[in-house]
Every structure is written in structure tokens, then in C-alpha cells.
Amino acid sequence: MSLRYMIPASKFKKYLPKDYVELVDYGPFGKDYNDVGVKNMGTYKELVEEHPMCSGCWMAYYIKIIFASLPNPEDTVTIGTAGCGRLAISQAAVPFIYGNYGDQNAMASGITRAFRLRFPDRHKDVITIAGDGGMMDIGFSMTMHAWFRRERFTTIMLDNEVYGNTGGQESGMSMEGAILKMSPTGKKFGKMPAMQLAITAGCVYVVKMSPTNINKASKAIRRAIFAARTLGPTFLHVYTSCNIEYSIPTNDVFRDAKEMEKGRFAYEEYMTDEAKELFAQIESKNKREVS
Amino acid sequence: MSLNKTLVSMDYLLKEAPREKHFITGAQAMAEAVKRASVDMAIAYPITPQSEVMHLVGDIFAQGHIKEYYRAEEELGTMSAIAGAARAGVRLFTATSGPGLLRGLEAIVSWPGHRVPCVLGVLTRVVNAPLSIQPDNIEMAYLLHSGVVLLHAENQQDTFDMTLAAFAITEKVDVYIPVAVATEGFFVTHAKGYVDMTSEELAFNEPDPYAAPVPAMDNEVPPARIQRDAPVQKSNFMSYLIHSVWQQEIWDSNKRAMKYIYQYLGGPIEVQNPDADVFVLASGCAAAQAREAHRYAQEEELSVGFIKVRAIRPFPKEEIRAALKNAKKVIIPEHNIIGWLATEVKAAIPNSGIVVDGPRVYGGMTLPVELIMEQVYMALGMKSETLQA
Chain X
14 MSLRYMIPAS KFKKYLPKDY VELVDYGPFG KDYNDVGVKN MGTYKELVEE
64 HPMCSGCWMA YYIKIIFASL PNPEDTVTIG TAGCGRLAIS QAAVPFIYGN
114 YGDQNAMASG ITRAFRLRFP DRHKDVITIA GDGGMMDIGF SMTMHAWFRR
164 ERFTTIMLDN EVYGNTGGQE SGMSMEGAIL KMSPTGKKFG KMPAMQLAIT
214 AGCVYVVKMS PTNINKASKA IRRAIFAART LGPTFLHVYT SCNIEYSIPT
264 NDVFRDAKEM EKGRFAYEEY MTDEAKELFA QIESKNKREV S
Chain P
3 MSLNKTLVSM DYLLKEAPRE KHFITGAQAM AEAVKRASVD MAIAYPITPQ
53 SEVMHLVGDI FAQGHIKEYY RAEEELGTMS AIAGAARAGV RLFTATSGPG
103 LLRGLEAIVS WPGHRVPCVL GVLTRVVNAP LSIQPDNIEM AYLLHSGVVL
153 LHAENQQDTF DMTLAAFAIT EKVDVYIPVA VATEGFFVTH AKGYVDMTSE
203 ELAFNEPDPY AAPVPAMDNE VPPARIQRDA PVQKSNFMSY LIHSVWQQEI
253 WDSNKRAMKY IYQYLGGPIE VQNPDADVFV LASGCAAAQA REAHRYAQEE
303 ELSVGFIKVR AIRPFPKEEI RAALKNAKKV IIPEHNIIGW LATEVKAAIP
353 NSGIVVDGPR VYGGMTLPVE LIMEQVYMAL GMKSETLQA
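Sequences listed follow chains X and P, in order. Using my numbering, the letters of the first sequence map in sequence onto residues 14 to 304. Using my numbering, the letters of the second sequence map in sequence onto residues 3 to 391.
Don't take each hint at face value.
Partial pick of chain P residues on the chain X-facing surface, computed with a CB cut under 7 Å [what the hints assert, rightly or not]: (1) Ser82; (2) Ala85; (3) Leu107; (4) Glu108; (5) Ala109; (6) Asn221.
These are computed hints drawn from the structure, not numbers from a lab. All C-beta atoms, glycine included, are put in the ideal place defined by N, C-alpha and C.
Chain X on its own, in the form it takes in the complex (with noise of 0.2 Å):
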């Protein structure tokens, strides 16, 4: 059904907005990832175009790599909070809830167990984005707790190391000694250890990254989706620079991502057996994952 409800009657379509029927003739609702997905942006209709993110913004590059990569975008759902994210996530073509300040997880938690009652043989992935500030300050609690209860989800933290959106303040995941607003004489404790606390609170698949290699990134992303359908909470640390905050001129942008890979941002990936199980059996059955 969630193919079919959105593709119009053909009677109806040529009333719709050009950019709705578009959507569905050259989107990646419905198509084999092989076809569409990462590898090919550029040349079918993506459910991120235009957005108001600034210019050389690392996060609006990393947001659309994420709608890219959904296994199922006709049967997804984003859940979001405040923050630069939400500007560029609202603009995607696949359904998106705003709710209040760091809610996302607790939100998510409803929605996937309501999907689950309503729909139980089939997969409504639900995906919640968010910052480094509505992940692990204002929202940690119910980020927290909804890994603990082994909410079936994809949580992804886009870590820019500040609050960009509020105006460059210091968050939890800013580095120690950085001067930022509400830091003046500098930040007197280090980044928290997301990654650590994902795992210990039994994320089943856990991946720190600053995705400079869009490939590896969408795999990380397309596995924390499939693994949350079934076997328990998932969670990407990614790098998305603020480059307005950290004043990273725009064509420095990617450079300072591969450095940042070399550092406190270096590919780590973690799995249970029984994630790595389920992976094995995805991508082996051939190249072309079946979602």
C-alpha cells in the first residue's frame, strides 16, 4: 500500500505540483537501491534538492546522503528536533515529524511500537536525526532510555560539536578547551562518550564516522536500518562540521572532514553476532540487497 498511495490517479496528476509528480515518475519510491541510492545521485529526482542550509554546509551533504540510502523511503518516517538538521530534513520527500526539544527517541518509541500494532508483518522504518546538543544534552535522557528499553529504531547524531542553529554554543560533544558562547574561558570537560554509551546501552550496531567516502557511509546507514527492523536499537555518530561556527572556509570543508577521519572521528564500527549475522545474510545473498 505505501507505494501505491502515493502515486496519483491519472486523471489527478496533472493537477498535482510538478515537483509532487516528479517525485514519484524519477524518485527512488518503489525502485531497486542499484538503480537509485548513493551511487547514482545526481540522476534520478532526490528526495533532498534545495535546501536552506549554508553554504558548504558538511551536514546538508551528509542529510542527503542519508535520504539516499533509505532501503524503503515510501515506508520511512524521519523524526527530528530543533536545529540546523530539521531545516534540511523538513525539505526531504519523505514523511517528517518536528517535535519539541530532544523528544525524538521518546517519540520514535511510540511510533515504531504503534507501526508495530498496526502493521506487524511489515517494516515501517523510522529513523530519528538529530544534533550532538538534541541527542546527548536536552534529549539524553530519552535517548538514553529508549536504547535501554531496545527500541527498534535508527538513531542518527549529526555532531558538528556545537549549537549551531542557536547561535554557536557550547554542547556536550564540543571538544574540552573550546571557546565558544557560553564557554568564554573555554570548555572545561571533553566530548561525551557517545559511541560508549550507545554500545553500553545495547545499540545492536554502532558506527562513529566523519563520511567522507559516501559508499561506506551509506552502507553504515542502510545496516543500521535493517538491523533496527528487528533485532534492537542502532546508532551513527557522525561528523557534520559547522563550518559558520568553527569559521572552516567552504573549500576547506572536505579537507577538514579527512582530517577529522584521521583523528576523534576514525571509522569504528560495531556489531553484535547476531547483527553480523543478519548483515552476512543481506549482502550476501547478492550484490543487489533486497530491502
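Knowing the structure of chain X, use the given hints to seat chain P on it.
Same frame as chain X, now just chain P:
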């Protein structure tokens, strides 16, 4: 439902279905209503005196009357999860008290605008310092401007009937905002009273997630939400306009709940002795005491009437204005220090000078009928024994 229940309309359930008398607590009455409401999912978090309600709801989940139930991390997590689950189109219940309500308030005040249909039990208690667990309904004042439909139960019977009615009202297409059912902690939740209840074999019809002004976000029903751009996210005149028309619609929805309060509960107010000179007007537990004061006054052949206010939002301005048209005084006893009900009544009537502010008790004190009678005697120009003493 795995249990063999007969599904019926709310009209039948509330007005026609045979009833049997039970002697139960207010917490039991609320849970028994939930049992008969075909609730899909309930989310619990402890706080005294509410906990008893969600313990009992947990029991009825274990018995199979509810499909999903869990204990959340705290109230903001609870209320946010309710908002999430509502997007998936299921019938929802939760309950809280005092500080828990305030902790969840950020999410609760966003429910109406998010078109979250659900039922919220509010079992009142002190919220201010020095903190205590005792009954005081000041927390209801914080709900008055939230957009939520707010009913106030006088006793265990009201708690049962209003909670059931709330499930029907919240899902009406022309309402579709949450309904809170408040009653006093301990005085009602932990005290027993007679409740005429329907059989538990009968349950309210299951929800239709597509009979909604904002259909469930389940990627199943057109219009598909793949249209881009959320203008409210921007700071421009469109965002101001969208917010304002949306909130106007929320408050109109709140007003439209009134006809269902008539349909299911017989109206937002109850009036006794409508031609009296002096009225005692109250809601919730205070109405039980006001009712008793009215009985005393009848015995003493005093010209005293009684008005019970069932609906706090939408507030029955016209009904109260009409009922007090010829009143010389209206005494408003309350279980809170600020007198939110007196303020509401003053704003609703043209002659607010007739309002007697109080008597008010707070912090968990009981409301002796004598305290109300003292105001009655003064209003009638009679001497009060207590005042003389």
C-alpha cells in the same frame, strides 16, 4: 482484542448499556473506563497519587485488554512517546499528577497543535514548595491555556463516565485534540464511592486512524506527505500566518468539543435550584462539598442554588452566564490558592462583582461544608456562628 468483547458506540456504552453498582476508588474507576475503551497503547510513569491508575492499567494490559504498555523514563518522555504513537494512528492513554504534569507540559501543550488525540488522566496534587503529595488542583491552571479539552470529575462515577466519554470526544473529526480528565488526588483516587459501571464485555468501537483532520502519518493513506517545505520552519510572514490560523483552528476545535460534552455527559454544567438568590459554584471535588452545602441550605430553607462545572475547557461561558443571570452572589469554593475557577467565572459574566472569592483550601486540606455555609450566611446577610466565635 484477544478477549471476546462486543464493540459498541459510545452513545450506547454511556447511555443505554446496562450498569451494575460497584464500590471502588477513583483510580479503579479511571482504569475500568480505560478497560472498556479499546485502548491500543498506554504509557506509564510513576508519581503519587497517579501511580495507582497506571498500576491498574498495567494489570488490564496484562489481562489482554490493552495491546501495548510500558513504563517510560519520565513524564517528558511519556508525553513525547504519546505524541509519537498518535502519529501512527492508535488509541492512547496516560495519566500523571502535579509535578509530573508540569514536567510533561512542554509536550502536552504541543499535543493540540500536533493534532494528537489521546486521553490524559490528571490526578491532582501540590506542585509548589514546600512540596507535598497532597491534593491541590492548582496544576489545572497550567492546562487552561494549552488547547487541551479539560473535564473535571466530582467523584468516582464522574471519573468513570468522563474518562469513557473522553475517548470518543478526542477522536471526533471536528475536535481531534487531547482530552484531559482531572480529579483530585486521594480525595477521589484513593477513596471509594459507588460507581454504576457497564459490563467489561462491552467496549468502545476501535479507532479509525483515517477519520481524522490530519490522518495518521503511516505512509498508507493519501494525501502522501512527500510534499516538501515546511514554511513554519522559516521566519517570514507565512510562518506567522500559518501558526496563527492553525492555533485558531485548535481553539475552534476546543469549542466544538462542547456539543459532545452535551451528547455524552449531559452538558458542561449541572444546575440545582435555578431561581435561587445565592449560588455555590464549583468543579471537581469542591463540587461534592458545594453539593452538600446546597443540601444544608435546602434543609434550612435558604435561597441557595448549586452549579457544578464539568467542563473547564471549553469553558461554558454562556451556560454559566445564563445560570447566574439573576444571582445576587456566587460563592466559588476551590482546592487551590489562586482561584482559577473564580477568575474564569468573573471573566464569563457581566457582573463579576457578585463573585465571592472562595472559600479556598490548599496544600491538601479538606474543604469543610461549614466553610462554604459561612459564606452562604454572609451572602444572605445572616450572621455566621463561626464569625461570631
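Taking the hints in turn, this is what the structure says about them:
1. Satisfaction of the interface hint for Ser82(P) is found here, the shortest Cβ-Cβ separation to chain X being roughly 4 Å, below the 7 Å cut-off.
2. Satisfaction of the interface hint for Ala85(P) is found here, the shortest Cβ-Cβ separation to chain X being roughly 6 Å, below the 7 Å cut-off.
3. Hint status for Leu107(P): violated, given a least beta-carbon distance of 10 Å to chain X, over 7 Å.
4. Interface restraint check: Glu108(P) against chain X, minimum CB-CB distance 5 Å, threshold 7 Å, status holds.
5. Annotation: interface hint on Ala109(P) holds; nearest CB of chain X at approximately 5 Å, less than 7 Å.
6. The closest approach between the C-beta of Asn221(P) and any C-beta of chain X is roughly 4 Å, which is under the 7 Å cut-off, so the hint is satisfied.
Against the hints set out earlier in the document, a violation occurs for number 3 only.
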